[in-house]
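Visitor: These are the residues of each chain, in order.
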Amino acid sequence: MDTFFAYGFFQRALLAGLLVAIASAVLGLFLVLRRDAMIGHGLAHVTFGGVALGLFLNILPLGAALAVAVLASLAIMKLKEKAGLHGDTAIGIFSSAGMAVGIALASLAGRFNADLMSYLFGDILAIDMREVALSCGLAPVVVFVLLANYRRLMFLTFDREAARAAGVRTARLDILLAVLTSVTVVLGMKVVGILLVTALLVIPAGSALLLASSFRQALILSFLVASLSVVLGLIAAFSLDLPASATVVLTSFIIFGVFYLGRRRRLS
Amino acid sequence: MNEERELIRVEGVSFQYHSVPVLLEVTFSIAQGDFLAILGPNGSGKTTLIKLILGLLRPTRGRLLLMGKPIEEFKAWSKIGYVPQKSTHVDLLYPGTAKEVVAMALPPSRRRPGQGKKEEEMAIHSALEQVGMLDYRDWPIGRLSGGQQQRVFIARAIVNKPEMLFLDEPTAGVDAATQALFYEMLHQLNAERRVTIVLVTHDIGIVNKHVTKVACLNQKLVFHGSHQDFCRSEAFKTMLASGHLVAHSH
Chain A
1 MDTFFAYGFF
11 QRALLAGLLV
21 AIASAVLGLF
31 LVLRRDAMIG
41 HGLAHVTFGG
51 VALGLFLNIL
61 PLGAALAVAV
71 LASLAIMKLK
81 EKAGLHGDTA
91 IGIFSSAGMA
101 VGIALASLAG
111 RFNADLMSYL
121 FGDILAIDMR
131 EVALSCGLAP
141 VVVFVLLANY
151 RRLMFLTFDR
161 EAARAAGVRT
171 ARLDILLAVL
181 TSVTVVLGMK
191 VVGILLVTAL
201 LVIPAGSALL
211 LASSFRQALI
221 LSFLVASLSV
231 VLGLIAAFSL
241 DLPASATVVL
251 TSFIIFGVFY
261 LGRRRRLS
Chain Y
269 MNEERELIRV
279 EGVSFQYHSV
289 PVLLEVTFSI
299 AQGDFLAILG
309 PNGSGKTTLI
319 KLILGLLRPT
329 RGRLLLMGKP
339 IEEFKAWSKI
349 GYVPQKSTHV
359 DLLYPGTAKE
369 VVAMALPPSR
379 RRPGQGKKEE
389 EMAIHSALEQ
399 VGMLDYRDWP
409 IGRLSGGQQQ
419 RVFIARAIVN
429 KPEMLFLDEP
439 TAGVDAATQA
449 LFYEMLHQLN
459 AERRVTIVLV
469 THDIGIVNKH
479 VTKVACLNQK
489 LVFHGSHQDF
499 CRSEAFKTML
509 ASGHLVAHSH
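Chains A and Y supply the protein sequences, listed in that same order.
For the first sequence, the working numbering begins at 1 and goes up steadily by one.
For the second sequence, the working numbering begins at 269 and goes up steadily by one.
Don't take every hint at face value.
[To be verified] Below are the DSBU-like pairs computed for lysine-lysine, each with C-alpha atoms no more than 35 Å apart in a straight line:
(1) Lys82/A - Lys343/Y
(2) Lys337/Y - Lys385/Y
(3) Lys488/Y - Lys80/A
(4) Lys78/A - Lys337/Y
(5) Lys347/Y - Lys82/A
(6) Lys337/Y - Lys82/A
(7) Lys488/Y - Lys82/A
(8) Lys347/Y - Lys385/Y
(9) Lys488/Y - Lys505/Y
(10) Lys80/A - Lys337/Y
(11) Lys429/Y - Lys343/Y
(12) Lys347/Y - Lys80/A
(13) Lys505/Y - Lys343/Y
[What the hints assert, rightly or not] Computed far set for chain Y versus chain A, every beta-carbon distance over 12 Å:
(14) Pro309
(15) Asn428
(16) Arg461
It is worth saying that the hints were derived from the structure and are not from the lab.
Here a beta-carbon is modelled for each residue, glycine too, at the ideal position from N, C-alpha and C.
Turn these sequences into a full structure, and let the hints steer you where they fit.
Guide: Here it is in structure tokens:
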């Protein structure tokens with residue numbers, strides 16, 4: 001086991017992976033409870049366009065993806081509000097457009113397909129110091145902002161109308177959640193890739209909800225599932241010579257299965 | 269006789285939904301200590317009126333004053349508790365406990381960790397005790413019965429010790445015994461803590477037993493006055509004849 005942790009690239013991957021997983025676990029719980037889990041999936045597709053734009057313009061792809069994802073999340077909200085479209089329709093429109101932009105730019109440039117693949121499928125063991133710094137800077141901010149607004153977000157997810165009547169500024173919290181989701185999705189891209197980033201948001205939260213008997217417990221369980229998935233997933237990737245994105249997600253899926261069996265046993 | 273302080277003033281309020289009129293030129297006021305029932309047939313605008321007063325909808329015409337202030341300038345929302353219609357649809361997997369659901373309504377703390385925690389705990393304890401749900405404080409809300417959930421929602425609405433409580437058909441789908449306890453509790457809040465209560469209901473039994481004032485809507489305000497006057501009014505006879513009032517034993 002010591003051998004893994006002796007490698008610098010493994011340490012960087014573990015640090016960035018854990019931070020991103022924790023932010024995803026906390027945020028994911030609120031998204032799952034308000035049945036908004038697929039916004040992560042949609043925004044991940046949008047970020048593909050952002051990464052391609054970054055590579056095309058030769059600027060930090062994660063930075064470009066972040067800007068595009070934040071703008072897209074706000075646009076999705078506006079489209080829902082102004083055009084009266086359902087959330088999944090608005091997400092579908094923007095995610096397709098984001099992917100299309102990415103494909104078009106990749107074709108125009110014709111040279112950065114290998115880089116794009118690393119964002120599509122994730123490549124955390126190859127994460128560089130700039131990307132680690134971005135994760136270390138942003139993931140704790142996401143967690144802090146969520147915990148600082150914990151009670152209001154809980155009210156919003158549970159009973160939006162009563163929350164509004166109690167003076168909670170629900171529209172502002174919607175924007176806050178959209179922006180935090182964009183940030184988390186962009187950070188998660190490098191860990192598990194665009195195609196699997198939803199797993200970080202949904203599986204730990206979904207697992208926690210199977211066994212938790214309080215909101216606080218759900219937060220703690222979600223956090224534990226996410227952290228365990230990253231640690232065990234990275235070790236499995238290193239030991240079995242498999243892509244880390246796949247092993248991290250599969251580990252969380254196995255934990256979900258264990259939690260599901262635990263719930264069935266409890267109910268029976 | 270002392271004139272009670274006016275808490276809510278509704279002045280010439282109209283509301284349209286996609287060009288369909290829902291409320292027309294409604295004017296009335298609610299005074300401190302009132303236990304007011306809002307009655308009317310389905311689609312008469314009862315829920316819309318409550319939502320307008322709570323700022324959840326904007327009137328097409330007219331204005332609303334809350335505690336003397338135009339609604340746009342009103343900030344003291346913690347003085348108002350609200351239990352929405354059909355709030356009993358709780359997802360079984362929702363993990364929040366009764367205690368956590370009540371705590372949602374507490375204002376966000378701007379204190380250092382640990383400070384003021386005792387006061388918050390006491391407020392939650394007291395609210396749950398008042399609705400008889402203290403023994404269930406650590407139960408996930410999804411595992412409580414409809415009536416128990418409704419009591420927790422009332423606890424959430426009163427945890428900030430509000431001056432006014434709005435309830436929109438709060439006992440729909442709740443058994444008769446629980447309803448009786450529930451309205452007894454509302455009666456106590458009104459009589460002992462002088463909480464002003466505004467209740468949307470179809471149940472004439474509740475109106476006769478607990479309510480002091482009645483506002484009767486059918487897009488327009490067709491009656492507003494004391495319970496005694498309502499029982500002698502044409503509006504009462506019309507509603508009774510058309511089957512818009514039901515009588516449950518409480």
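Visitor: Indicate, hint by hint, whether the structure satisfies it.
Guide: Now the hints, each set against the structure:
1. Lys82/A - Lys343/Y: holds (26 Å)
2. Lys337/Y - Lys385/Y: The hint holds at about 32 Å.
3. Lys488/Y - Lys80/A: Within the cut-off at roughly 33 Å; holds.
4. Lys78/A - Lys337/Y: Holds. Lys78/A to Lys337/Y sits at ~31 Å (cutoff 35 Å).
5. Lys347/Y - Lys82/A: holds (32 Å)
6. Lys337/Y - Lys82/A: holds (30 Å)
7. Lys488/Y - Lys82/A: Since the Cα atoms of Lys488/Y and Lys82/A sit roughly 30 Å apart, the hinted pair holds (cutoff 35 Å).
8. Lys347/Y - Lys385/Y: holds (21 Å)
9. Lys488/Y - Lys505/Y: holds (17 Å)
10. Lys80/A - Lys337/Y: holds (32 Å)
11. Lys429/Y - Lys343/Y: With a Cα-Cα distance of about 16 Å, the restraint between Lys429/Y and Lys343/Y holds, given a limit of 35 Å.
12. Lys347/Y - Lys80/A: holds (32 Å)
13. Lys505/Y - Lys343/Y: Given that 35 Å is the threshold and the Cα spacing comes to 40 Å, the pair is violated.
14. Pro309: At about 23 Å from chain A, Pro309/Y clears the 12 Å cut-off, so the statement holds.
15. Asn428: violated (8 Å)
16. Arg461: Given a closest Cβ separation of 19 Å, the condition holds.
Of the hints listed earlier, those the structure fails to meet are numbers 13 and 15, in rising order.
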